[in-house]
Amino acid sequence: AQRVTQPEKLLSVFKGAPVELKCNYSYSGSPELFWYVQYSRQRLQLLLRHISRESIKGFTADLNKGETSFHLKKPFAQEEDSAMYYCALSGPGGYQKVTFGIGTKLQVIP
Amino acid sequence: DTGVSQDPRHKITKRGQNVTFRCDPISEHNRLYWYRQTLGQGPEFLTYFQNEAQLEKSRLLSDRFSAERPKGSFSTLEIQRTEQGDSAMYLCASSSTGELFFGEGSRLTVL
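If you read the protein sequences in the order shown, they are chains A and B. In terms of the working numbering, the first sequence has 91 at position 91, counting the first letter as 1, and numbering is strictly consecutive. In terms of the working numbering, the second sequence has 1065 at position 65, counting the first letter as 1, and numbering is strictly consecutive.
Source of the hints: derived by calculation from the structure; they are not laboratory data. Among the hints, a few may not be true.
[As the list claims (entries may be wrong)] Simulated restraints on C-beta separations: (1) B:Lys-1014 to A:Ile-51: 21 to 29 Å; (2) B:Glu-1083 to A:Gln-45: 29 to 37 Å; (3) B:Pro-1070 to A:Ala-17: 27 to 35 Å; (4) B:Pro-1070 to A:Lys-97: 40 to 48 Å; (5) B:Gln-1041 to A:Lys-65: 41 to 49 Å; (6) A:Lys-15 to B:Ser-1027: 21 to 29 Å; (7) A:Asn-64 to B:Thr-1097: 19 to 27 Å; (8) A:Ser-52 to B:Glu-1083: 39 to 47 Å; (9) B:Lys-1014 to A:Glu-79: 24 to 32 Å; (10) A:Asn-64 to B:Gly-1016: 42 to 50 Å; (11) A:Arg-41 to B:Thr-1020: 43 to 51 Å; (12) A:Gln-45 to B:Gln-1050: 33 to 41 Å.
[As the list claims (entries may be wrong)] 25 Å max Cα-Cα, derived BS3-like pairs, lysine-lysine: (13) B:Lys-1057 to A:Lys-97; (14) A:Lys-65 to A:Lys-97; (15) A:Lys-97 to A:Lys-15; (16) A:Lys-15 to A:Lys-57; (17) A:Lys-15 to A:Lys-65; (18) A:Lys-97 to B:Lys-1014.
[Claimed, not checked] Residues from chain A that face chain B, not an exhaustive set, calculated with beta carbons under 8 Å: (19) Val-13; (20) Val-98; (21) Phe-100.
For clarity, every value in this text was computed on a predicted model and none was experimentally measured. Note that CB positions come from ideal geometry on N, CA and C, so glycine has one too.
Start from the sequences and build out the full structure, keeping to the hints where you can.
Here you go:
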């Protein structure tokens, strides 16, 4: 069974502080991992996916197969980063069922 | 193309009634997904389609739930004999490359 675990429901950081949103997964095989974000009053949207290896809005995430983790990081938090963040997992290529974690609310304190 | 659209945005119904939600995906997307989301939880997978074929349905989904995508374009999700526990946001998403594009959701309240 595929499973995504986000251990923190709420993470509060001060503006300018580093951010790390944790995500661990369970999957038999080679998964594709994603981070989705939902800003206030907006629809859920993709932030980044591990195969693209891009940095989006200053965020990066590295897939660690040994630790089965895909933590989201940003060196300096901005107020506009405040949102709900969901880690998600799919089969190879992302063309299968996509399983989401429960989400972490990031609150950036000015 | 305005993205994924869902209708209605809000539905209030009495327990025992049937409800139907519609999703119009982005036109060139061949995959369509339905999720349910309750307060404090992430999107919970319900089912997904590739074109008109329903490829997977959650084992957690009762037989009261059914989804169709008759011509590989729009999709409907029907809930029969609604229960209070069905109250949730129902999200639709479409995809062609693995990235999911979500609609704004249909919020169901069962009284």
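Hints, verified against the model:
no.: 1; hint: B:Lys-1014 to A:Ile-51: 21 to 29 Å; in the structure: violated (47 Å)
no.: 2; hint: B:Glu-1083 to A:Gln-45: 29 to 37 Å; in the structure: holds (31 Å)
no.: 3; hint: B:Pro-1070 to A:Ala-17: 27 to 35 Å; in the structure: violated (51 Å)
no.: 4; hint: B:Pro-1070 to A:Lys-97: 40 to 48 Å; in the structure: violated (21 Å)
no.: 5; hint: B:Gln-1041 to A:Lys-65: 41 to 49 Å; in the structure: violated (27 Å)
no.: 6; hint: A:Lys-15 to B:Ser-1027: 21 to 29 Å; in the structure: violated (41 Å)
no.: 7; hint: A:Asn-64 to B:Thr-1097: 19 to 27 Å; in the structure: holds (24 Å)
no.: 8; hint: A:Ser-52 to B:Glu-1083: 39 to 47 Å; in the structure: holds (41 Å)
no.: 9; hint: B:Lys-1014 to A:Glu-79: 24 to 32 Å; in the structure: violated (43 Å)
no.: 10; hint: A:Asn-64 to B:Gly-1016: 42 to 50 Å; in the structure: holds (49 Å)
no.: 11; hint: A:Arg-41 to B:Thr-1020: 43 to 51 Å; in the structure: violated (26 Å)
no.: 12; hint: A:Gln-45 to B:Gln-1050: 33 to 41 Å; in the structure: violated (22 Å)
no.: 13; hint: B:Lys-1057 to A:Lys-97; in the structure: holds (9 Å)
no.: 14; hint: A:Lys-65 to A:Lys-97; in the structure: holds (20 Å)
no.: 15; hint: A:Lys-97 to A:Lys-15; in the structure: violated (36 Å)
no.: 16; hint: A:Lys-15 to A:Lys-57; in the structure: holds (15 Å)
no.: 17; hint: A:Lys-15 to A:Lys-65; in the structure: violated (31 Å)
no.: 18; hint: A:Lys-97 to B:Lys-1014; in the structure: violated (32 Å)
no.: 19; hint: Val-13; in the structure: violated (21 Å)
no.: 20; hint: Val-98; in the structure: holds (6 Å)
no.: 21; hint: Phe-100; in the structure: holds (4 Å)
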